[in-house]
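Colleague: In case you want the letters, here they are:
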Amino acid sequence: MRPGEWFEARTGLGSAIAKALDEPVPGGARWQYVFGSVLTFLFMQQVVLGILLAFYYSPSASDAWASTAYLNDQVSAGWFLRGLHHHGSSAMVVVVVLHLLQVVWAGAYRAPREVNWWTGLAMGGLVLAFALTGYLLPWDQKGYWATQVATGIMGSVPGGGGLQQVIQGGPEYGNLTITRFFALHVFVLPLALGGLLAAHIALFRRHGVTPPAQLDDAELKRKTQPFWPNQLFLDVLAMTICAAALIGLTVQTHGADLFAPADPASNFVARPEWYFLFLYQLLKYFEGPLQIVATVLLPGAVAVTLFALPWIDRATSRRASARWPALSVVGLLMAGVTALTALAIVEDARNESYQHGLVVAEEEATRARKLALEGVPPAGGIAVFDNDPKQKTRKLFKEHCQACHTIEGRGGEEAPSFDDYGTREWLFALVRDPRSKRFYGGTKAHTTMEPVPASAVSDEQLRATVEYMLSLAGPEVGATDATMVAAGKALWDSTLECSGCHEVEAGKSGTGPTLAGRGSAAWIARVIRNSAEPDLYGDTAEMPKFADKLSAAEIEALAEFIHSQGQAKPAAH
Amino acid sequence: MSHERDLPGADPHVMEPEDLSPEAASRRKLLKLGVGALGCGLAAVPIVPALGYLVHPLRTGPGDAGAMLAVGKREAFGAVPVRVDLYADRRDAWSRESNVKLGSCWVLERDGALQALSTACPHLGCAVDFDVGEGKFKCPCHRSAFDLAGKVEAGPSPRPMDTLELEENNGLVAIRFQRFRQGVAAKEPV
Numbered sequence: 001m002r003p004g005e006w007f008e009a010r011t012g013l014g015s016a017i018a019k020a021l022d023e024p025v026p027g028g029a030r031w032q033y034v035f036g037s038v039l040t041f042l043f044m045q046q047v048v049l050g051i052l053l054a055f056y057y058s059p060s061a062s063d064a065w066a067s068t069a070y071l072n073d074q075v076s077a078g079w080f081l082r083g084l085h086h087h088g089s090s091a092m093v094v095v096v097v098l099h100l101l102q103v104v105w106a107g108a109y110r111a112p113r114e115v116n117w118w119t120g121l122a123m124g125g126l127v128l129a130f131a132l133t134g135y136l137l138p139w140d141q142k143g144y145w146a147t148q149v150a151t152g153i154m155g156s157v158p159g160g161g162g163l164q165q166v167i168q169g170g171p172e173y174g175n176l177t178i179t180r181f182f183a184l185h186v187f188v189l190p191l192a193l194g195g196l197l198a199a200h201i202a203l204f205r206r207h208g209v210t211p212p213a214q215l216d217d218a219e220l221k222r223k224t225q226p227f228w229p230n231q232l233f234l235d236v237l238a239m240t241i242c243a244a245a246l247i248g249l250t251v252q253t254h255g256a257d258l259f260a261p262a263d264p265a266s267n268f269v270a271r272p273e274w275y276f277l278f279l280y281q282l283l284k285y286f287e288g289p290l291q292i293v294a295t296v297l298l299p300g301a302v303a304v305t306l307f308a309l310p311w312i313d314r315a316t317s318r319r320a321s322a323r324w325p326a327l328s329v330v331g332l333l334m335a336g337v338t339a340l341t342a343l344a345i346v347e348d349a350r351n352e353s354y355q356h357g358l359v360v361a362e363e364e365a366t367r368a369r370k371l372a373l374e375g376v377p378p379a380g381g382i383a384v385f386d387n388d389p390k391q392k393t394r395k396l397f398k399e400h401c402q403a404c405h406t407i408e409g410r411g412g413e414e415a416p417s418f419d420d421y422g423t424r425e426w427l428f429a430l431v432r433d434p435r436s437k438r439f440y441g442g443t444k445a446h447t448t449m450e451p452v453p454a455s456a457v458s459d460e461q462l463r464a465t466v467e468y469m470l471s472l473a474g475p476e477v478g479a480t481d482a483t484m485v486a487a488g489k490a491l492w493d494s495t496l497e498c499s500g501c502h503e504v505e506a507g508k509s510g511t512g513p514t515l516a517g518r519g520s521a522a523w524i525a526r527v528i529r530n531s532a533e534p535d536l537y538g539d540t541a542e543m544p545k546f547a548d549k550l551s552a553a554e555i556e557a558l559a560e561f562i563h564s565q566g567q568a569k570p571a572a573h
Numbered sequence: 001m002s003h004e005r006d007l008p009g010a011d012p013h014v015m016e017p018e019d020l021s022p023e024a025a026s027r028r029k030l031l032k033l034g035v036g037a038l039g040c041g042l043a044a045v046p047i048v049p050a051l052g053y054l055v056h057p058l059r060t061g062p063g064d065a066g067a068m069l070a071v072g073k074r075e076a077f078g079a080v081p082v083r084v085d086l087y088a089d090r091r092d093a094w095s096r097e098s099n100v101k102l103g104s105c106w107v108l109e110r111d112g113a114l115q116a117l118s119t120a121c122p123h124l125g126c127a128v129d130f131d132v133g134e135g136k137f138k139c140p141c142h143r144s145a146f147d148l149a150g151k152v153e154a155g156p157s158p159r160p161m162d163t164l165e166l167e168e169n170n171g172l173v174a175i176r177f178q179r180f181r182q183g184v185a186a187k188e189p190v
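Taken in sequence, the protein lines are chains Y and W.
Going by this note's numbering, the first sequence opens with residue 1, and the numbers climb by one from there.
Going by this note's numbering, the second sequence opens with residue 1, and the numbers climb by one from there.
Chain Y with its partners taken away, still in its complex shape (with noise of 0.2 Å):
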């Protein structure tokens, strides 16, 4: 006996294969029937791609961008498979409405076929619940925002609260959030799609394909074919056709998007994925109580006008010219969604801000997946801009100086503020009143220097001054108005009392800092090193050492942050 009659007189696997490929197709092999093939094979290429996926992508609200961000720009060919994966979910929408819109044309909605119909339109339903689950497991900017629309909407139903918490695991976003949404997405909607395929395709095999209405029963029987391989040849050319167009967009867009991490304290400019913004425009149409007209009724009654369309077809014939009611009803539907999607891309395209926001979103994006090639810290997500080294600075400022110094409005007031620090404006306001909070007022000793009222030095005598004094500091702080600083300098040197304590030259010593470089950044980090040194401020200095506590580099970053205080500060992110 050959292996394979073995193999088959145990199994009866070939003559189950025969079968099921066997099958004969009335009036021949069509181009409109390779729809439900094509669909399958992607449903079949998305299973592959998220096993391969979750070899990588771990789901919680800590770990799920950056093993995301890893997978995608580290691993080999992991945007590959990612984008395949992403841009396949857009695939089968499209995909799903050419077979029903096939559906639909041809009849096959009709009697006997009623219950296919309603397999067929559940597992409509499914793809779409696939996109918005699959849409948060990034755990990035965009699935992040867009997501919340989904639950808020899901929440603002009558009775619906409850149902929210239940899917997003609380009352807020986390780890529950993304370990439901990845049960959802990986182990229940795919057995619910797969059962119901399965199903799908019995009744088909049952009822057989519906062909052109116009076909008398003579003509079909002349020309049947076989499925295998007649149409199979024609499915599989459409999957092929299909797979083309997906790799080619992959590798054009270079595979999915991915933003920076979910950070739920920004305000990101929230969109829906493309075949949602339908929904997501009508519901600008409907405000306050009318809002559940969008989110529910109005989708709720296309459901509803779907599924009951084997009663809404009265007609006795399955000619498309005798099924013009049930055909509107559908046309309608479909030009309504494509005329509200143009809209929102239409308006979007307009929206100056929102284009705008795009644009931060990509800088952003772009700036935590390099940091991310570093290693993202235990905290995960946006942890990541840790591993920037103006945040470390920044915390390194935390750390050691804001138990004293005011940054950003938060910190002690033991010592001045550093918020636009040096400016002229910080600057004149110390000289007018040095003994404020905002400077010298919460210090112990710093006490030495007595207030210049306007009395004594009029506003414009003090703004020259302090030109004068910033022009001291070097070329760093930037353009100085010389005719200023020659008027400054000459009060200095006549009328003004400041060179009793201040000297000007570097290497004297007063009583007070010497003004020569002050504000600068060398001159900052030399205050943090000892700002007991003579010519700073000598045996006044309360401020501890950090000579020996932080590493040079740490010091001239400190000192470069606070230096920038005063700056003009890029667009905040």
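Hints may be right or wrong, so weigh each one.
Claimed, not checked - In silico EDC-like links for lysine to aspartate or glutamate, alpha-carbon gap of 16 Å or less:
1) LYS32(W) / ASP22(Y)
2) LYS395(Y) / GLU554(Y)
3) LYS395(Y) / GLU556(Y)
4) LYS19(Y) / GLU8(Y)
5) LYS29(W) / ASP22(Y)
6) LYS489(Y) / GLU503(Y)
Stated by the list, open to error - Reference listing, derived: stretches of chain W covered by chain Y, where coverage requires no fewer than 3 residues with Cβ under 8 Å from a Cβ of chain Y:
7) 22-32
8) 37-45
9) 48-57
10) 84-95
No lab work stands behind these hints: they were computed from the structure.
Glycine included, C-beta positions come from ideal geometry on N, C-alpha and C.
Here the structure of chain Y is known, so what remains is to put chain W in place on it, guided by the hints.
Modeller: Here is chain W on its own, set in the frame of chain Y:
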């Protein structure tokens, strides 16, 4: 096709026996070949990139031996083995952790010099214990036993306990942590 034709009763599953002309037969053969070729191409789309993707961890190669890690003062160690944990910063796939436990080793003095023995049993990696009563190292999993020098006295371990590089500097002891391939006679870093 009439509406009635769709109703149960009519069995669309019966195909008439066919007499294919030679051209039709060769056309079908061609279609079958086409299905096979395209099908293989479709399968290759995810499978080919998946090969490199799945074996990506192999690309990292043998682990970097890492830095000398401080474990304590010289006086802390003597003839009786002391177990010390080794801490360092670590990259683990996507995460970067600072000061986490990498593993541990036994440190003891022999003939006036300190030596460090990895707690990972060379057999299959269980953590080797020290039996104070018998003065021997013992693996709790498969009964390997080692003397104080780490030499195999009993059990399946294919080689002595793995020594780790140890350094004394100004009364401070530092050890370089490394893992070695299990189950083989030669000591090869992994």
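Colleague: Work down the list of hints and note, for each, if the structure agrees.
Modeller: Here is how each hint holds up against the structure:
1. LYS32(W) / ASP22(Y): Holds. LYS32(W) to ASP22(Y) sits at ~13 Å (cutoff 16 Å).
2. LYS395(Y) / GLU554(Y): holds, 11 Å
3. LYS395(Y) / GLU556(Y): holds, 14 Å
4. LYS19(Y) / GLU8(Y): holds, 14 Å
5. LYS29(W) / ASP22(Y): holds, 15 Å
6. LYS489(Y) / GLU503(Y): With Cα atoms ~13 Å apart, LYS489(Y) and GLU503(Y) stay inside 16 Å; holds.
7. 22-32: holds (count 3)
8. 37-45: As far as the stretch 37-45 of chain W goes, the hint holds, because 5 residues have Cβ atoms under 8 Å from chain Y.
9. 48-57: Check passed, 6 qualifying residues.
10. 84-95: holds (count 5)
Of the numbered hints listed earlier, not one is contradicted by the structure.
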